[in-house]
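Chain by chain, the residues run as shown.
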Amino acid sequence: MSTSTTIADPHRHGHDPHQQHHFATMEQQADTTKIGMWLFLATEVLLFGGLFVGFGLMQSRYPQEFIEAHEHLQRPLGALNTIVLLISSWTMVMAVLSSKRADRKKTVMFLLLTILCACIFLGVKYFEYSHKFEEGLLPGHWYKAQVTDTVHTAAGTLSHGYATFFSFYFMMTGLHGIHILVGIILLAWITVRANRGEFSSAYFTPVDLIGLYWHLVDMIWIYLFPLYYLIK
Amino acid sequence: MTTHTENTHAHGGSESRTYFVTLVALLILTIITVAASYVDFGAGNIVIALFIATVKASLVALIFMHLNHEKPINAVIAVAGFLFLGIFLMFCFIDFDSRVNFQPVNVKPVVQAPATPAPAAAPEKK
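Here the protein sequences come in this chain order: A and B.
Positions 1 to 232 (my numbering) are the ones given, in order, by the first sequence.
Positions 1 to 126 (my numbering) are the ones given, in order, by the second sequence.
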């Protein structure tokens, strides 16, 4: 192969056009990107981990207040969102499988279903948030609900517990919601690429990695749901 | 050639069946955990809820995230993430439990009670 051919047509030299030149094979490239993705997911676990630890400590400090505050969350809506996210994880894994089989139609369909589930999730979340805003169940010093809760301090002031609960509630579900939003953008991007027929059994890394991200977001919700909606 | 194609299809079909069975298992576990939350097991409630959540998360990691047949390095990274989270959690709670009074003395109350006390709270103040 002459140099001029390479320059004129850089990817007609016997490898997949998606393969970067610093990788020996497509397989090595896929493995490497996957390790990178798992490292990123580990940092995500630690990002949310800090909030989970904080929540756990505050829960031990204000057990009574946290139980009363959690009664303000609507358990059926939380359960609905859990089911929606689990179904979206399934549509995502089916999209990965279809893209691996170069089934363009199915990949696009499953990706669109995943986006639909994500939008339903955010819609339910919007409904829940606006309900909290109306009741004044807000984080920190914005908390101004007309509480009928039983725990008062000696001076007739309310305990920090309720406001702390809602600080954590909005921080954690909010950060999770941002992850869902980012997920929707990423899913839309790969849906367009899948529709162009870019993915095949040799190259479906973007679908695969965004799938991993999406399952992690689902996993975080799997823990958020019992901790916020089901604690006793 | 034909046999090969059939094999591939059979394998592919089994994959999507596994995914579907996993989804059904996850949904059943969700129903169980919600149902269990309406029953009072005392301190057991949180244990049951977190145990079921961990089973669900493991199913997602092993099957949806392919950790069951992934290169071991990826599992090592994933486990390391949770291991360090566990260390973080453990030391924070050891610290918390070793304190006699966790409430700082210099913190002002964040929220003032409403000027007119809420009806339900009124009878309590004697």
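In short, the hints are calculated from the structure, not lab data.
Check each hint, because a few of them may be wrong.
Straight-line distance between alpha carbons at most 27 Å, and here's what the computed DSS-like set of lysine-lysine pairs gives [stated by the list, open to error]:
id	chain 1	residue 1	chain 2	residue 2
1	A	Lys144	A	Lys125
2	A	Lys125	A	Lys34
3	B	Lys71	A	Lys144
4	A	Lys232	A	Lys132
5	A	Lys105	A	Lys34
6	B	Lys71	A	Lys34
Far from chain B, some chain A residues (derived; all Cβ distances over 10 Å) [said to hold, decoys possible]:
id	residue
7	Pro17
8	Phe23
9	Thr25
10	Asp31
11	Thr43
12	Ile87
13	Trp90
14	Val124
15	Glu128
16	Val182
17	Glu198
18	Gly211
19	Pro226
20	Tyr229
From the three backbone atoms N, C-alpha and C, an ideal C-beta is built for every residue, glycine too.
Results of checking the hints against the structure:
1. Distance restraint check for Lys144(A) and Lys125(A): the Cα-Cα separation of roughly 21 Å lies within the 27 Å cut-off, and the hinted pair is therefore satisfied.
2. Of the supplied pair hints, the one linking Lys125(A) and Lys34(A) is violated, its CA atoms being roughly 31 Å apart against a limit of 27 Å.
3. The suggested pairing of Lys71(B) with Lys144(A) is violated, with an alpha-carbon distance near 52 Å, which exceeds 27 Å.
4. Restraint check for Lys232(A) and Lys132(A): the C-alpha separation of about 20 Å stays at or below 27 Å, so the hint holds.
5. The suggested pairing of Lys105(A) with Lys34(A) holds, with an alpha-carbon distance near 25 Å, which does not exceed 27 Å.
6. Annotation: proposed proximity of Lys71(B) to Lys34(A) holds, straight-line Cα distance about 10 Å (limit 27 Å).
7. Every Cβ of chain B is farther than 10 Å from the Cβ of Pro17(A); the closest lies at roughly 24 Å, confirming the non-interface assignment.
8. Annotated as non-interface, Phe23(A) keeps its C-beta farther than 10 Å from every C-beta of chain B; the closest such distance is 15 Å.
9. The Cβ of Thr25(A) sits about 14 Å from the closest Cβ of chain B, beyond the 10 Å cut-off, so the non-interface label holds.
10. With a cut of 10 Å on Cβ distances, Asp31(A) falls inside the contact zone with chain B, its closest approach being about 6 Å.
11. The Cβ of Thr43(A) sits about 8 Å from the closest Cβ of chain B, inside the 10 Å cut-off, so the non-interface label is violated.
12. Look at Ile87(A): its CB is around 7 Å from the nearest CB on chain B, not clear of 10 Å, so calling it non-interface is violated.
13. With a least CB separation of 4 Å from chain B, Trp90(A) falls inside the 10 Å interface cut-off, contrary to its annotation.
14. For Val124(A), the requirement that its beta carbon stay farther than 10 Å from each beta carbon of chain B is met, with the minimum near 15 Å.
15. The claim that Glu128(A) lies off the interface holds: its Cβ sits roughly 16 Å from the closest Cβ of chain B, which is beyond the 10 Å cut-off.
16. Look at Val182(A): its CB is around 18 Å from the nearest CB on chain B, clear of 10 Å, so calling it non-interface holds up.
17. With a closest Cβ-Cβ approach of about 20 Å to chain B, Glu198(A) is found to remain outside the 10 Å limit, as its non-interface label requires.
18. Distance check on Gly211(A): its Cβ comes as close as 8 Å (rounded) to a Cβ of chain B, failing to clear the 10 Å threshold; non-interface status is violated.
19. For Pro226(A), the condition that its CB be more than 10 Å from all CB atoms of chain B is violated, with the nearest at approximately 4 Å.
20. Non-interface status of Tyr229(A) relative to chain B is broken: a Cβ of that chain comes within 10 Å, the nearest being about 8 Å off.
Violated hints, in rising order: 2, 3, 10, 11, 12, 13, 18, 19, 20; the structure is consistent with all others.
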